[in-house]
Structure formats: structure tokens, C-alpha cells
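Protein chains in written order, with our numbering: chain A, 4 to 117; chain B, 90 to 202.
To be clear, the hints were calculated from the coordinates, so they are not data collected in a lab.
Every residue gets a Cβ at the ideal spot worked out from N, C-alpha and C, and that includes glycine.
A couple of the hints might just be wrong.
[As the list claims (entries may be wrong)] What follows is a list of derived Cβ distance ranges for each label pair: (1) S6/A to G129/B: 35 to 45 Å; (2) L23/A to R104/B: 15 to 25 Å; (3) T58/A to T200/B: 37 to 47 Å; (4) S96/B to Y42/A: 17 to 27 Å; (5) N160/B to S6/A: 27 to 37 Å; (6) K102/B to Q112/A: 26 to 36 Å; (7) E18/A to G105/B: 47 to 57 Å.
[What the hints assert, rightly or not] Derived list of chain A stretches under chain B, where covered just means 3 residues or more per stretch with a C-beta under 8 Å from a C-beta of chain B: (8) 63–75; (9) 105–116.
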Amino acid sequence: AQSVTQLGSHVSVSEGALVLLRCNYSSSVPPYLFWYVQYPNQGLQLLLKYTSAATLVKGINGFEAEFKKSETSFHLTKPSAHMSDAAEYFCAVTSTGGGNKLTFGTGTQLKVEL
Amino acid sequence: DAGVTQSPTHLIKTRGQHVTLRCSPISGHKSVSWYQQVLGQGPQFIFQYYEKEERGRGNFPDRFSARQFPNYSSELNVNALLLGDSALYLCASSSQGSSFGYTFGSGTRLTVV
Chain A
4 AQSVTQLGSH VSVSEGALVL LRCNYSSSVP PYLFWYVQYP NQGLQLLLKY TSAATLVKGI
64 NGFEAEFKKS ETSFHLTKPS AHMSDAAEYF CAVTSTGGGN KLTFGTGTQL KVEL
Chain B
90 DAGVTQSPTH LIKTRGQHVT LRCSPISGHK SVSWYQQVLG QGPQFIFQYY EKEERGRGNF
150 PDRFSARQFP NYSSELNVNA LLLGDSALYL CASSSQGSSF GYTFGSGTRL TVV
């Protein structure tokens, strides 16, 4: 079985500060990992994905994530937060075996303050 | 190109009723998945269909069913609605397997009263 754990259900940063959202995964097979963002009353938008190529993955809106197998982590970062980054962020995992489903974490609500 | 489209966007049903939710995938995408997102939680997998065949089923009761049509659009049906079925139902489409990622629609907000 696969799972992801997102540490911190709420994260608050100042505008211009570093954003760090944590995600740890559990998988018995090489995983595919994803970060999605959800704005209020909307669906999920893919930020970036890791599919066993480069361990440092760059996504949209200046976000990036690094796959660290030794730490079973896939943390999401952005050097400088913007007010428009305020949203809920979900980490998700599926498997390289043609997994049929995404397993999501419980989400992290990011608040950006002036 | 149109993204994943879902209809209706909102609906209110009474306990015990039946509901049908619809999804049109991105053109060329043959895989459609359904997820339930209860307020304050991450989405939970319900079904995946590929080329009209069920390829995966989550831990949901038999009251939930789905199908995929020749044009790759899909319906999710829920019978005998319970208050706990109130949620955002998300449809996602994918072109080729999980490694390509899934594109989600904006969802259908179902409220059961």
C-alpha cells in the first residue's frame, strides 16, 4: 500500500519568504509523486511531478520539489512567496506499476501574510 | 483546448435519492478517474476507467457505480444517498497511465439534505 503524509495542516509565511511544504511517502515500489494546488471552490491543478527522471523537479509558478529516496521525502519549495500562492496544497503518490489511483495526503493550507 | 468538464457544478439532493454526475475528459484522453473530496480532507479514489473498462475501484460501497462511454466521457452514479455523501466529486483524465499525471475538472459539489 502507498501513502503520503503531509506535515503541518496549516503553514503561514510572509510575502517574499521561503515556502516549504513537507511531504513524506511510503511505497514498496518506486513511486511517482505529485504536488497539486487547490484554490477555493476549484478543482486540483498539477504543480509538478516526479516520475523517476531528475530528482529535482521544477514546476509552475516558481515551485520546485526534490525527491529524496533516503529520506522518503518530496518537499515542495518556493524561494519567495506571493499573495497569490495562498491555497491548499496536496501531495499525492502512485506507483510505477501502472497504478490506477492517486493516493493523496490530507493537504496543507498555505497562508501568505503581508 | 477544453479541459476536463464536469456537470452539474452544484446540486442538492435529499437522502435516499439517486444522483448522476457527468465528466468529459480532455480530447484524446482515454482514462477517467473519479475522486470524492470531503470538506477538509484530501481526495479519495472511487473509480478508474480506461477504454470503457473498469481498471480500479476504491473502498466505496456498491451504491457507487460508474461507466465510461465510447467517446470516453463518464458518469458516476450514487444510489440511496446518505448525508455523508455530501462532498466535492472530482473527475480526472489522463492520456497514458499514471506517470503522465492527471488533469482534474473543477468538480461537482453535492449536498445531501
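Can you let me know if the beta-carbon spacing of L23/A and R104/B is within 15 to 25 Å?
Given about 43 Å between the Cβ atoms, the range is violated.
Are 3 or more residues of the region 105–116 of chain A near chain B, judged by a Cβ distance of less than 8 Å?
Since three or more residues must qualify, the claim that chain B covers the region 105–116 of chain A holds, with 6 doing so at under 8 Å.
Mind checking, does the region 63–75 of chain A have 3 or more residues with a CB under 8 Å from chain B?
violated (count 0)
Distance restraint hint 35 to 45 Å, applied to the beta-carbon atoms of S6/A and G129/B:
Since the Cβ atoms of S6/A and G129/B sit about 18 Å apart, the hinted range of 35 to 45 Å is violated.
Does the beta carbon distance between S96/B and Y42/A stay inside 17 to 27 Å, or does it fall outside?
holds, 20 Å
Regarding T58/A and T200/B, is the given constraint of 37 to 47 Å on their beta-carbon distance met?
Because 43 Å falls inside the window, the suggested range holds.
Cβ distance range 27 to 37 Å for N160/B and S6/A, holds or violated:
holds, 35 Å
Cβ distance range 26 to 36 Å for K102/B and Q112/A, holds or violated:
holds, 29 Å
In this structure, is the beta-carbon distance linking E18/A and G105/B contained in 47 to 57 Å?
holds, 49 Å
Hints 1, 2 and 8, counting from the list given before, are not met by this structure.
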